[in-house]
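**Q** Work out the full structure, taking the sequences as your base and the hints as a guide.
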Amino acid sequence: MTPGQRLALASRVVGVLPFGVARRLGAAGGRLAARRGVAEGIVERHQARVGSSATRRDVLASYGRYWAEALWTSPRRLPEMRRRLEVEGHEHFLAAHEGGRGAVYALPHVGNWEYAAIHPLSYDVPVVAVAERLPDPDMGRWITETREMIGIEIVVLEKGHRTMGRLVEAIGEGAGVALLSDRDLSGNGVEVEFFGEVTRMPQGAIALAEVTGCEVLPVACFATPKGHRLVVRPPLEIPDAEDRGERIRGGVQALAKAFEELIRREPTQWHLLQPNWPSDPGYRW
4 MTPGQRLALA
14 SRVVGVLPFG
24 VARRLGAAGG
34 RLAARRGVAE
44 GIVERHQARV
54 GSSATRRDVL
64 ASYGRYWAEA
74 LWTSPRRLPE
84 MRRRLEVEGH
94 EHFLAAHEGG
104 RGAVYALPHV
114 GNWEYAAIHP
124 LSYDVPVVAV
134 AERLPDPDMG
144 RWITETREMI
154 GIEIVVLEKG
164 HRTMGRLVEA
174 IGEGAGVALL
184 SDRDLSGNGV
194 EVEFFGEVTR
204 MPQGAIALAE
214 VTGCEVLPVA
224 CFATPKGHRL
234 VVRPPLEIPD
244 AEDRGERIRG
254 GVQALAKAFE
264 ELIRREPTQW
274 HLLQPNWPSD
284 PGYRW
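Residues 4 to 288 in the numbering used here are what the sequence shown lists, from first letter to last.
Hints listed in this document are in silico derivations from the structure and should not be mistaken for laboratory results.
All C-beta atoms in this analysis are idealised placements derived from N, C-alpha and C, irrespective of residue type, glycine included.
There may be inaccurate statements among the hints.
[Claimed, not checked] Simulated DEER-style distance windows between Cβ atoms: (1) VAL24 x GLY175: 39 to 45 Å; (2) ASP243 x THR5: 45 to 51 Å; (3) GLU151 x PRO228: 25 to 31 Å; (4) GLU151 x GLU89: 21 to 27 Å; (5) LEU12 x GLY248: 43 to 49 Å; (6) GLU196 x ARG9: 38 to 44 Å; (7) GLU249 x MET4: 46 to 52 Å.
**A** Here you go:
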């Protein structure tokens with residue numbers, strides 16, 4: 004049985020549980036993973052950068068809860084998901100989409116990033132997100148279907164596909180384009196200072212805004228005892244430099260600072276389990 008097939012089976016089991024029970028089960032699974040040494044050494048480094056005393060056990064319990072929520076998600080759960088969502092910064096969302104305009108939602112790997120789509124979808128704002136193609140097709144299919152159940156349109160990132168073209172179209176259609184932007188997966192990111200150390204961050208959110216003229220809203224969806232709290236920050240102020248490269252670099256740096264403030268609100272919910280700085284053992288770029 005492939006990992007994707009196991010996820011599909013687990014979703015049928017977890018999907019029948021009450022929300023709170025599913026979450027507790029996921030947190031227990033995360034704590035078990037911590038005992039088995041998952042992400043040992045890496046999570047501790049990241050939490051120290053944030054200035055947090057949280058343990059790897061705390062972070063993996065939060066990550067396990069995230070996966071349980073994903074397994075629990077189904078179309079019939081959408082009304083309950085909406086009821087459990089609080090929103091901070093709704094005025095920034097409304098302003099960014101005023102007159103039917105599109106906007107970029109730039110997110111760190113915090114809390115439950117998929118659930119951030121619930122709010123715009125409740126206002127009939129389409130949400131488009133990018134996903135990388137995974138080695139296990141079954142897992143990729145399950146993750147895509149889970150996001151599509153919420154109402155998110157998924158654009159798979161592949162060579163030869165016009166990913167940026169579709170995102171530009173989506174902005175023109177008034178959609179919110181959601182981009183996870185705290186980890187450079189391509190090696191083409193922009194160097195910025197992030198939690199006191201230089202690393203690379205993706206430029207996609209800022210580049211899309213550069214092309215379309217839309218706002219970039221830093222966003223995070225935190226878990227709360229009863230559900231989730233979506234935090235929408237004011238739109239980024241991108242430096243008005245003559246050089247396009249300087250504008251993008253300045254925008255990515257501004258986004259890094261916004262992410263620092265979001266992550267520090269709930270450091271244990273930052274689900275970054277991979278090396279992310281050049282000083283981290285195993286860093287790729």
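**Q** Hint by hint, where does the structure go against what was stated? Just the numbers, ascending.
**A** none
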